[in-house]
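Quick mapping for you: the protein sequence lines, in order, are chains Z, X and P. With positions in the first sequence counted from 1, the corresponding number in our numbering is that position plus 395. With positions in the second sequence counted from 1, the corresponding number in our numbering is that position plus 395. With positions in the third sequence counted from 1, the corresponding number in our numbering is that position plus 1.
Any given hint could be a false lead.
As the list claims (entries may be wrong) - Calculated cross-link-like contacts (lysine-lysine; reagent style DSSO-like; alpha-carbon spacing at most 27 Å):
#1 X:K533 <-> Z:K477
#2 Z:K477 <-> X:K430
#3 Z:K519 <-> X:K498
#4 Z:K477 <-> Z:K498
#5 X:K498 <-> X:K530
#6 Z:K419 <-> Z:K430
#7 X:K519 <-> X:K477
#8 Z:K530 <-> Z:K519
#9 X:K530 <-> X:K519
#10 X:K519 <-> X:K498
#11 X:K477 <-> Z:K430
#12 Z:K530 <-> X:K498
#13 X:K477 <-> Z:K419
#14 X:K498 <-> X:K533
#15 X:K533 <-> P:K178
#16 X:K402 <-> Z:K402
#17 Z:K533 <-> Z:K519
#18 Z:K430 <-> Z:K402
#19 X:K419 <-> Z:K477
#20 Z:K530 <-> Z:K498
#21 X:K477 <-> Z:K402
#22 Z:K402 <-> Z:K419
#23 X:K533 <-> X:K519
#24 P:K178 <-> Z:K519
#25 P:K178 <-> X:K498
#26 X:K430 <-> X:K402
Claimed, not checked - Restraint-style ranges between C-beta atoms, simulated for each label pair:
#27 Z:A446 <-> P:K178: 49 to 57 Å
#28 X:T515 <-> P:K243: 48 to 56 Å
#29 X:L522 <-> Z:Q479: 36 to 44 Å
#30 X:K519 <-> Z:L476: 49 to 57 Å
#31 Z:E467 <-> X:E414: 23 to 31 Å
#32 Z:E413 <-> X:S545: 26 to 34 Å
Said to hold, decoys possible - Beyond 12 Å from chain X on every Cβ pair, some chain P residues (computed):
#33 L43
#34 Q64
#35 F83
#36 V85
#37 P103
#38 R114
#39 T146
#40 T204
Derived by calculation from the structure, the hints in this document are not laboratory data. Keep in mind it's a predicted model, so treat the numbers as computed, not measured. Idealized CB from N, CA, C, for every residue including glycine.
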Amino acid sequence: MTIEELKPIIESLIFVSEEPITVKQLAALLDGEAKADIEAAADALVEEFQARGGGLEIRRLAEGYQIRTRPEFSEYVRRYLKSQPSARLSLAALETLAVIAYKQPITIPEILEIRGVTSTSAIKTLLDRRLIVAKGHKQVVGRPMMYGTSDDFLIQFGLNDLSELPNLEDFEDLMTS
Amino acid sequence: MTIEELKPIIESLIFVSEEPITVKQLAALLDGEAKADIEAAADALVEEFQARGGGLEIRRLAEGYQIRTRPEFSEYVRRYLKSQPSARLSLAALETLAVIAYKQPITIPEILEIRGVTSTSAIKTLLDRRLIVAKGHKQVVGRPMMYGTSDDFLIQFGLNDLSELPNLEDFEDLMTS
Amino acid sequence: MKDADRKAEAAAPAEAAPEFAESADQYKVKLPDFEGPLDLLLFLIRKEEVSIYDIPIARITAQYLEYLNGMRELDIAVAGEFLVMAATLIHIKSQMLLPRDPNVPEEELEDPRDELVQQLLEHQKFKGAANALHQRALIEAATFTRGALETDEENPEVAATVFQLFEVFREVLNRQKALVEIEIEREQVTMAEKIAEIRQAITEQEEVSARRMFERARSKRELVLIFLAILEMVKELIIGLKQAETFGDILISRREPIEEVSEEEVSETEVREAEIREDAVKEADVRIENQESTEP
Chain Z
396 MTIEELKPII
406 ESLIFVSEEP
416 ITVKQLAALL
426 DGEAKADIEA
436 AADALVEEFQ
446 ARGGGLEIRR
456 LAEGYQIRTR
466 PEFSEYVRRY
476 LKSQPSARLS
486 LAALETLAVI
496 AYKQPITIPE
506 ILEIRGVTST
516 SAIKTLLDRR
526 LIVAKGHKQV
536 VGRPMMYGTS
546 DDFLIQFGLN
556 DLSELPNLED
566 FEDLMTS
Chain X
396 MTIEELKPII
406 ESLIFVSEEP
416 ITVKQLAALL
426 DGEAKADIEA
436 AADALVEEFQ
446 ARGGGLEIRR
456 LAEGYQIRTR
466 PEFSEYVRRY
476 LKSQPSARLS
486 LAALETLAVI
496 AYKQPITIPE
506 ILEIRGVTST
516 SAIKTLLDRR
526 LIVAKGHKQV
536 VGRPMMYGTS
546 DDFLIQFGLN
556 DLSELPNLED
566 FEDLMTS
Chain P
2 MKDADRKAEA
12 AAPAEAAPEF
22 AESADQYKVK
32 LPDFEGPLDL
42 LLFLIRKEEV
52 SIYDIPIARI
62 TAQYLEYLNG
72 MRELDIAVAG
82 EFLVMAATLI
92 HIKSQMLLPR
102 DPNVPEEELE
112 DPRDELVQQL
122 LEHQKFKGAA
132 NALHQRALIE
142 AATFTRGALE
152 TDEENPEVAA
162 TVFQLFEVFR
172 EVLNRQKALV
182 EIEIEREQVT
192 MAEKIAEIRQ
202 AITEQEEVSA
212 RRMFERARSK
222 RELVLIFLAI
232 LEMVKELIIG
242 LKQAETFGDI
252 LISRREPIEE
262 VSEEEVSETE
272 VREAEIREDA
282 VKEADVRIEN
292 QESTEP
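Take the sequences, apply the hints, and build the full model.
Quick look at the structure:
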């Protein structure tokens, strides 16, 4: 298939998938098609929706593609869905999440060392919101559980992968300059 | 608002709606906008999606406007839906499976006692999916059948053996806080 | 430095920006807002407009301790982490006072503040990152995915991992626990029933283990009731208590030969007295709850 032929098929697959759909998943559904072509077609769709300036956009999230509404129209969508913006994370939870995101996999004692405060209730919140997941035991004394961020984290924070996290060093001179 | 300004808003509303959305509903959300304008904008979207020839179309049905995949690509959509992992379980089945995994071998009355609700249809689903197997009769009054997890269960959940199930102690530091 | 400060504050998420108080009185009230000792230290460094790389340790330590005192005055329990940091600060301060070893060349001298500075910088970075994440989440929360498709309804199932399996199991257990608690509450065991139970037990056996009686209790309330019932019966000379060794089990035995008593035959006086005692139980319950709430 040509890239132009692939595009509408990929568009419909992105639409029906509830989660961001990966190139790998797409390739399995489009047997025989080269991953490079699939990626090129999907990326072309991202650009096309961007250029259209309609109500929808295709985004690269959690190493997959997802179609979503544009943030500009959230007011109307919220009104229709009668949805409340989800409860904001507390500062403690956000900071703990930041430490986990940059230092994963990381154990609770290691988080304590960096933050200077215990973070158990923040960890609990983050687990409940499925922003972090347990990543198995660390092979040290006491075998503490290690935590890392989830795909939901990437989706909720608009990231394709962890390399898209803002560079930690950029925040260094906020108060030291 | 101009019709051009209305279009992306209506597009996102059609997109998030679970059912076809009517001009009346749209007008209620876009207060102050003339129904005629709303209808003109929505009809323009129908045509635009038609002209694009992408994977999606907006249809005008008796009940309202709806976005869906184009019938030409239904084969791929079906393929996608079929490809969904077989470990997709209802919450009732998942709960029952969790209780069996952690408390095996266990009888149906014992599961009832823990879950507080009957689990017979969930048990049937789990047996059908070969996630659990019968483990013989319990030597008590009525000789109820005992159930336990299968080898397929271990494979599907990526476990070498049952000792690898996360245990309560792993999370104790969280729960006691 | 001031400029950068303002930038950092402007970028802070609205609900997350610590409210820096102007006067001493005000900051006392704001004390619990400091999430941890590092936040408090960063605040003091900023407030004093000193460089993080050259912290005047004596001054900052004094201020830090002053804050902790302020917390105590307000009866706010000072978390252990704050005390650990106080000890660290005092330790650094004392090291700074030590005369330098003249034999060590200047560039090899270690600044006792280094480790703390690194920790503060690291903490500051994560605060910045948390803020950036917050901004991203705000934008993402304004975008929506499509509504459920018809096909979804035919497949209303959730994919699962082994950790979700565990989560679900934990939820089931919590639900079961909640159910059991409701059941017990509904039962509303009375002291008269407990007295009758003990009577029954000692007519069946010469001696009954008090420990076993207590172990059968399914709630704190029931435990207290059994305890009071035993005291009551000792007072009424119905039973005697024996303890073979210190901290050993206490055995309950009959003191007077009694006829077989069924539950209904508990005398009216006993019941009335029991009711009075039940008020005591309620008080005891309250006390137990209070204790629990002050536990860390």
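Outcome of the hint check:
Proximity of K533 (chain X) to K477 (chain Z) is assessed by CA-CA distance (about 51 Å); at most 27 Å being required, the pair is judged violated. Between the alpha carbons of K477 (chain Z) and K430 (chain X) the distance comes to roughly 22 Å, so the proposed pair stays at or under 27 Å and holds. A C-alpha spacing of about 25 Å is found between K519 (chain Z) and K498 (chain X), which places the hinted pair at or below 27 Å, so the restraint holds. Between K477 (chain Z) and K498 (chain Z), the direct Cα distance comes to roughly 37 Å. Violation of the 27 Å bound is thereby established for this hinted pair.
Among the hinted pairs, K498 (chain X) with K530 (chain X) is consistent with the structure: their alpha-carbon atoms are about 13 Å apart, no more than 27 Å. For the hint pairing K419 (chain Z) with K430 (chain Z), the CA-to-CA distance comes to about 7 Å; that is within 27 Å, so the pair holds. In summary, the hint linking K519 (chain X) to K477 (chain X) is supported, as the alpha carbons are separated by about 21 Å, within the 27 Å threshold. Simply put, K530 (chain Z) and K519 (chain Z) have alpha-carbon atoms about 15 Å apart, close enough for the 27 Å limit, and the pair holds.
The suggested pairing of K530 (chain X) with K519 (chain X) holds, with an alpha-carbon distance near 15 Å, which does not exceed 27 Å. Between the alpha carbons of K519 (chain X) and K498 (chain X) the distance comes to roughly 18 Å, so the proposed pair stays at or under 27 Å and holds. A threshold of 27 Å between alpha carbons decides the hint, and for K477 (chain X) with K430 (chain Z) the separation of about 21 Å falls inside it, so the pair holds. Between K530 (chain Z) and K498 (chain X), the direct Cα distance comes to roughly 24 Å. Compliance with the 27 Å bound is thereby established for this hinted pair.
A threshold of 27 Å between alpha carbons decides the hint, and for K477 (chain X) with K419 (chain Z) the separation of about 16 Å falls inside it, so the pair holds. Between K498 (chain X) and K533 (chain X), the direct Cα distance comes to roughly 14 Å. Compliance with the 27 Å bound is thereby established for this hinted pair. For the suggested pair K533 (chain X) and K178 (chain P), the alpha carbons sit about 25 Å apart, so the restraint of at most 27 Å is met. At most 27 Å may separate the alpha-carbon atoms for a hinted pair to count; K402 (chain X) and K402 (chain Z) meet this at roughly 23 Å.
Distance hint between K533 (chain Z) and K519 (chain Z) is fulfilled; the C-alpha atoms sit about 19 Å from each other, no more than 27 Å. Straight-line distance between C-alpha atoms of K430 (chain Z) and K402 (chain Z) comes to about 13 Å, which keeps the hinted pair within the 27 Å bound. For the hint linking K419 (chain X) to K477 (chain Z), the alpha-carbon distance of about 17 Å falls within 27 Å, and the restraint holds. Between K530 (chain Z) and K498 (chain Z) the alpha-carbon distance is near 13 Å, which keeps this suggested pair within the 27 Å criterion.
Between K477 (chain X) and K402 (chain Z) the alpha-carbon distance is near 21 Å, which keeps this suggested pair within the 27 Å criterion. The straight-line distance between the Cα atoms of K402 (chain Z) and K419 (chain Z) is roughly 16 Å, inside the 27 Å bound, and the hint therefore holds. The straight-line distance between the Cα atoms of K533 (chain X) and K519 (chain X) is roughly 19 Å, inside the 27 Å bound, and the hint therefore holds. With a C-alpha separation of about 19 Å, the suggested pair K178 (chain P) and K519 (chain Z) falls inside the 27 Å cut-off, and the hint holds.
In summary, the hint linking K178 (chain P) to K498 (chain X) is supported, as the alpha carbons are separated by about 16 Å, within the 27 Å threshold. Distance check on the hinted pair: K430 (chain X) and K402 (chain X) sit about 13 Å apart at the alpha-carbon level, within 27 Å; holds. Between A446 (chain Z) and K178 (chain P) the C-beta distance comes to about 56 Å, which sits within the given range of 49 to 57 Å. Checking the proposed 48 to 56 Å range against T515 (chain X) and K243 (chain P) shows it holds: the Cβ atoms sit about 53 Å from each other.
The beta-carbon spacing between L522 (chain X) and Q479 (chain Z), approximately 41 Å, falls within the hinted interval of 36 to 44 Å. At about 36 Å, the beta-carbon gap between K519 (chain X) and L476 (chain Z) misses the expected band of 49 to 57 Å. For E467 (chain Z) paired with E414 (chain X), a C-beta distance near 24 Å keeps the hint of 23 to 31 Å intact. Between E413 (chain Z) and S545 (chain X) the beta carbon distance is about 28 Å. The supplied range of 26 to 34 Å therefore holds.
No Cβ of chain X approaches the Cβ of L43 (chain P) within 12 Å, the least distance being about 25 Å, so the stated non-interface status holds. The claim that Q64 (chain P) is not at the interface with chain X holds, since no C-beta of that chain comes within 12 Å of its own (minimum 31 Å). The claim that F83 (chain P) lies off the interface holds: its Cβ sits roughly 18 Å from the closest Cβ of chain X, which is beyond the 12 Å cut-off. Look at V85 (chain P): its CB is around 18 Å from the nearest CB on chain X, clear of 12 Å, so calling it non-interface holds up.
Look at P103 (chain P): its CB is around 49 Å from the nearest CB on chain X, clear of 12 Å, so calling it non-interface holds up. For R114 (chain P), the condition that its CB be more than 12 Å from all CB atoms of chain X holds, with the nearest at approximately 32 Å. Its closest Cβ contact with chain X, about 8 Å, brings T146 (chain P) to no more than 12 Å, contrary to its assignment away from the interface. The Cβ of T204 (chain P) sits about 30 Å from the closest Cβ of chain X, beyond the 12 Å cut-off, so the non-interface label holds.
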